[in-house]
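As numbered in my numbering, residues 1 to 264 make up the sequence shown, in order.
Simulated from the structure, these hints should not be mistaken for lab results. Since we're looking at a predicted model, the values are computed, not measured. Please note: incorrect hints may appear among the correct ones.
[Said to hold, decoys possible] With a straight-line Cα cutoff of 16 Å, these simulated EDC-like cross-link-like pairs (lysine to aspartate or glutamate) come out:
# : residue 1 : residue 2
1 : K164      : E213
2 : K251      : D151
3 : K251      : E157
4 : K195      : D212
5 : K164      : D235
6 : K164      : D246
7 : K195      : E115
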Amino acid sequence: MGKKLGWSKSTMSRIESGTRRVDEADVSAILAVLGVTGDERERLLTLARELDQSVWWETPAPTGLPAQLTAVLGFERDACRITELAISLVPGLLQTYDYARALMIGGGVPEPDVEARVAIRRGRQDVLVRRNPATFVAIIDQGALMRPVGDAGVMAEQMQHLIKVAAMPNVEIRILPFGVHPGIDGSFSLFEFPKAPAVVHLEHHRSSGFLDEPEDVSAYMQLRDTVLSTALSADESVALLSRSADEWESKADEERRRQQVADE
Numbered sequence: 001m002g003k004k005l006g007w008s009k010s011t012m013s014r015i016e017s018g019t020r021r022v023d024e025a026d027v028s029a030i031l032a033v034l035g036v037t038g039d040e041r042e043r044l045l046t047l048a049r050e051l052d053q054s055v056w057w058e059t060p061a062p063t064g065l066p067a068q069l070t071a072v073l074g075f076e077r078d079a080c081r082i083t084e085l086a087i088s089l090v091p092g093l094l095q096t097y098d099y100a101r102a103l104m105i106g107g108g109v110p111e112p113d114v115e116a117r118v119a120i121r122r123g124r125q126d127v128l129v130r131r132n133p134a135t136f137v138a139i140i141d142q143g144a145l146m147r148p149v150g151d152a153g154v155m156a157e158q159m160q161h162l163i164k165v166a167a168m169p170n171v172e173i174r175i176l177p178f179g180v181h182p183g184i185d186g187s188f189s190l191f192e193f194p195k196a197p198a199v200v201h202l203e204h205h206r207s208s209g210f211l212d213e214p215e216d217v218s219a220y221m222q223l224r225d226t227v228l229s230t231a232l233s234a235d236e237s238v239a240l241l242s243r244s245a246d247e248w249e250s251k252a253d254e255e256r257r258r259q260q261v262a263d264e
């Protein structure tokens, strides 16, 4: 268990002895590794959610994971509304297992760490399906739909997943068509909370940072609104995702035919 989660033996020992508290994100990752789903998953996450938890900056990061990720997990857990502008890739909260795994491998994550990282990323998606879920607005550049992550079958499945989640009442997917737009400078996530100031998360290759000064956050809120005004509507976005899914499925069929010929 500890190896799959990327936790050391000492971390596991402290958790088992009760000297290290586990938060909702930890429990979500554990349940993902164990394959626990449905009502039992929700029951256990509710118990974790209702604990007298420390705030995000007091929570120790899982071994081998960036401290910033622990903060992101806390923000995702507590936010009532999350907006993400994704320029290069499908947002993590909407990634399928195979897409996330191919992304980890292609990004150079060590093979022993891949499954743990994927489990944590998939576990984070619980914020969209839990009781009282967060509202999630995903603004995705059209280029992310065209960039191969894994084979064509992986991409076809990812497109179908986006279409499926776009039908959820708390999820809105808006596609930015090809061309120059105000958000082209880079991706960001905006977390809004019921009783606390909003926070912006900026992520780069080797580091990430958070902006909480009112002037900075206000600028990104304005950028979000501007970018949304240039994006396709929700219905137009789903129509484009459907066309993209068909194109990737055709490519997957062709890949399968070529493989069959090679095997004969």
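Would you pick out the hints that fail for this structure and give their numbers low to high? 1 and 7
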